[in-house]
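Peer 1: As they're listed, the protein sequences go chains V and U.
The first sequence maps to residues 1 to 291 in my numbering.
The second sequence maps to residues 1 to 258 in my numbering.
Treat each hint with caution, since some may be false.
What the hints assert, rightly or not - So the derived label-pair ranges between C-beta atoms look like this:
| hint | chain 1 | residue 1 | chain 2 | residue 2 | range |
| --- | --- | --- | --- | --- | --- |
| 1 | U | Ala127 | V | Ser222 | 23 to 29 angstroms |
| 2 | U | Gly171 | V | Arg278 | 28 to 34 angstroms |
| 3 | V | Asp95 | U | Glu141 | 26 to 32 angstroms |
| 4 | U | Glu232 | V | Leu45 | 52 to 58 angstroms |
| 5 | V | Leu108 | U | Gly16 | 32 to 38 angstroms |
| 6 | U | Thr130 | V | Arg278 | 30 to 36 angstroms |
| 7 | V | Val100 | U | Gly145 | 42 to 48 angstroms |
| 8 | V | Ser88 | U | Asp186 | 42 to 48 angstroms |
| 9 | U | Asp91 | V | Tyr180 | 18 to 24 angstroms |
| 10 | U | Gly171 | V | Gln274 | 31 to 37 angstroms |
| 11 | U | Arg189 | V | Arg278 | 50 to 56 angstroms |
| 12 | U | Asp91 | V | Leu108 | 36 to 42 angstroms |
Unchecked claim - Here chain U is said to cover these stretches of chain V; the calculated rule only asks that three of the stretch's residues, wherever they fall, bring their Cβ under 8 angstroms from a Cβ of chain U:
| hint | region |
| --- | --- |
| 13 | 166-172 |
| 14 | 215-221 |
Keep in mind that the hints were calculated from the coordinates and are not lab data.
Quick caveat, the model's predicted, so the values are computed rather than measured.
Cβ coordinates follow ideal geometry from the N, Cα and C atoms, glycine included.
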Amino acid sequence: MDALLTALLAPLGYDFMLRALLVSSLVGAVCAVLSCFITLKGWSLMGDAISHAVLPGVVLAYLMNLPFVVGAFASGLISVSAIGFIQSRSRVKEDTVIGVVFTALFSLGLVMISRVSSDVHLSHILFGDVLGISQDELWQTVIAGAAALAAILILRRDLLLYVFDPTHARSIGLNTGFLYAALLVILALTIVSALQTVGVILVVAMLITPGATAYLLTDRFSRMMGLAVATGVLSSLLGTYASYFLDGATGACIVLTQSVLFGLAFLFAPKHGQLARRRQQRLEREAELQG
Amino acid sequence: MSAPALDVQGVSVAYGGGRLALRNATLTLQPGRICGLVGMNGAGKSTLFKTIMGFLPPLRGQVQVFGQPVRQAQKAGMIAYVPQTEDVDWDFPVSVRDVVTMGRQGRMGLLRRPSAADREAVQAALARVTMTDFAERQIGELSGGQRKRAFLARALAQDARLLLLDEPFGGVDVGTSEDITGLLRDLARGGRSVLVSTHDLGALETFCDDVALIEGRTVLTAGPTAQTLTAENLALTFGGRSPLHHPARTPARPTEVR
Ligand SMILES: Nc1ncnc2c1ncn2[C@@H]1O[C@H](COP(=O)(O)OP(=O)(O)OP(=O)(O)O)[C@@H](O)[C@H]1O
Ligand SMILES: [Mg+2]
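Turn these sequences into a full structure, and let the hints steer you where they fit.
Peer 2: The following block contains the structure:
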């Protein structure tokens, strides 16, 4: 018994583990807050696109000896501009344009990686490596994440109104162009902050799953945010902790935990879950048959 | 003389560069008056609303609200607009009260936290459209008519000087429809100006000070209800068929001379 406990507590004795837990829960929280807006706005694909499109920027930043967040952020913004530019000047549908642009940039990044020395750091961008995060990367992550979080919290009510009803937002004088751009920039910033933890390929899960889970659990936006953050942070802690025993794949462990929580909400959510829905239908039928 | 509440001068617009949806439309609305906008399906009523709000940029002409450019008036919270159909996600996690509170958002501080006055205004607006009992419902858990009332409450909560209501009577029952006309009269008495499109020609004379007839992609004629709502004008507006057998004889209240 004692031996089991000692084994379970072992990860907490390491500095790198504590650091990883801290970073991943911060990232989990920031992504979760944003995920409420992204899922309601229907921007999942946009999130996936920006996260893939940062790759060439990260490689370039590495070659030029710049902080990786700078390259990633710039690359993300370029992808968004490219999407907007092509969409407004062609008849191709938005999701198609997004797909074309992000796969192009992602491929460019892969080609660039294959040309530069096969440095481990770059492959970590693909899958994340929060257990091996350096002091420098940690700071970059924290600053990007804190900036994104501050921006969302300041703008949250205007962003919510913009996502719900842009027509009304404009009618009462809000600057909807600014809100649209702000949401995109915050999205790019959040993705950048999450790169070290889950990597390019899985970031999108962090940006949608907590929001989707919370959406099944409540009909109130403020509660949705709270629940999303709770599931996001819990998944980050459990996932990171579990990955110690697997010796890696932290990002995948976090995302798996989120998926399990989503599955539970899908089945057992009090009002919108499958069981509750079935029960509700049955009760209604019985009431009708009796009445 | 004070500026008109709404001044549309020679406006032409087109959707996506195609054929004109409005051609050289002109309309003025004086403060404290209700103007009914009437015309066949597809005549351009909703288009006129969208143009006034700046959602469709006019190719020609200009719109002013209380003597200001529209954008400026919007920023000052002067215009409340209720579209013909709300293009929103009805599964959105907001309550009726949350939605009505959005009417106040333009006037809230930096962090947009509702003040006590905001909450009171929301409560009053909900009561005015008898939606108080539904305040905590998720916005999609309402009937069509209740949804209309919720969005009308949002416009009321905004406390704007000019209200643009695109078919508020569409799909509401007789009682609600009478409530809304009473509400509009109250607003006008309080000095608000209202532009309201409707297909209910019979009710026009009971609550509109002015009527604007829209046909052939332009405002055919506009003016005090009694003078404008003639069999002749209606026949022109509705392509020969006059839907009103008894053209207005007695206006609901004497229309004052402007
Ligand atoms: N989004 C759009 N794109 C292109 N044409 C449009 C669009 N919306 C409306 N139109 C056209 O513009 C004209 C005016 O439409 P509008 O919606 O203003 O009519 P309306 O008077 O409001 O009619 P209704 O009584 O049916 O609401 C119609 O011929 C319509 O086909
Ligand atoms: Mg219309």
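Peer 1: If a hint holds in the structure, say so; if it does not, say that too.
Peer 2: Each hint tested on the structure:
no.	hint	in the structure
1	U/Ala127 x V/Ser222: 23 to 29 angstroms	holds, 24 angstroms
2	U/Gly171 x V/Arg278: 28 to 34 angstroms	holds, 32 angstroms
3	V/Asp95 x U/Glu141: 26 to 32 angstroms	holds, 30 angstroms
4	U/Glu232 x V/Leu45: 52 to 58 angstroms	holds, 56 angstroms
5	V/Leu108 x U/Gly16: 32 to 38 angstroms	holds, 34 angstroms
6	U/Thr130 x V/Arg278: 30 to 36 angstroms	holds, 35 angstroms
7	V/Val100 x U/Gly145: 42 to 48 angstroms	holds, 45 angstroms
8	V/Ser88 x U/Asp186: 42 to 48 angstroms	holds, 45 angstroms
9	U/Asp91 x V/Tyr180: 18 to 24 angstroms	holds, 22 angstroms
10	U/Gly171 x V/Gln274: 31 to 37 angstroms	holds, 33 angstroms
11	U/Arg189 x V/Arg278: 50 to 56 angstroms	holds, 53 angstroms
12	U/Asp91 x V/Leu108: 36 to 42 angstroms	holds, 38 angstroms
13	166-172	holds (count 5)
14	215-221	holds (count 5)
Checked against the numbered hints above, the structure violates none of them.
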